[in-house]
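K.L.:
Residues 1 to 203 in the working numbering are what the sequence shown spells out, letter by letter.
This list has only true hints and no planted wrong ones.
Listed next, the in silico EDC-like pairs over lysine to aspartate or glutamate satisfying Cα-Cα at most 20 angstroms (straight line): (1) LYS75 - ASP21; (2) LYS111 - GLU99; (3) LYS111 - ASP158.
Ranges between beta-carbon positions, derived for each pair: (4) GLY52 - SER190: 30 to 36 angstroms; (5) GLN159 - GLY193: 48 to 54 angstroms; (6) HIS18 - ILE44: 40 to 46 angstroms; (7) ARG194 - SER48: 43 to 49 angstroms; (8) GLY200 - ALA89: 26 to 32 angstroms; (9) ILE44 - ALA20: 33 to 39 angstroms; (10) ILE122 - GLY52: 27 to 33 angstroms; (11) GLY76 - TRP96: 27 to 33 angstroms; (12) GLY52 - GLY200: 33 to 39 angstroms; (13) ILE122 - SER48: 30 to 36 angstroms.
Since the hints were derived computationally from the structure, they do not count as laboratory data. Glycine residues also receive a C-beta, built at the ideal position from the N, C-alpha and C atoms.
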Amino acid sequence: MSETTSASPDAGRVPGAHIADPGPLGLAGFALTTFVLSMVNSNIVPQSLVAGALGLALAYGGIAQFAAGLWEFAKGNTFGATAFCSYGAFWISFWWLAEHDLVGLGPQGYKAVGVYLLGWAIFTAYMSVAATRVNLAVLTVFVLLTVTFLVLAVGWFDQESSGWIKIGGYLGLLTAAAAWYTSFAGVTASTFGRQVLPVGARD
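Kindly produce the complete structure, drawing on both the sequences and the hints.
P.N.:
What follows is the structure, given as structure tokens:
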């Protein structure tokens, strides 16, 4: 039997090649939601406005980012799928926590939030190791996010001072800026047909 007739029709086909890059969408959803919440955490806008971030957390940071992760699965990108589905689930769980659970946790509830944030810091830390094989822009997002989660976790454990949460808010703003830049680099690379903004791609 000849090689032509025995080969699968899908041989050599790149998985998900017909799907547009979902990365810029996932990064944009993460960036905007992080930006809004970090404006509150840093006290640049009043704490009472945190409710304004909840719908955004559910729709853009949560559902849209989770969908981007599913498309990354279709494209065969394990890193992107794990990251976007996880952080999409993070924002959905954050929305649920803020809307339903936080009040019911009682006077010690802040410790549960601290553990929650610490767990996400651990996840983000090992994703940062994997990000070293992607590019410098993505690595910057993950390193900043790891530090942000750690600082916010300390802030929630230490309810005697809001200083840690404020610092975490400013770190979150840096994280959002890095994610927006990386998203912008991906969008312009697609529309211009070449890499316009440097991302520190691996050779």
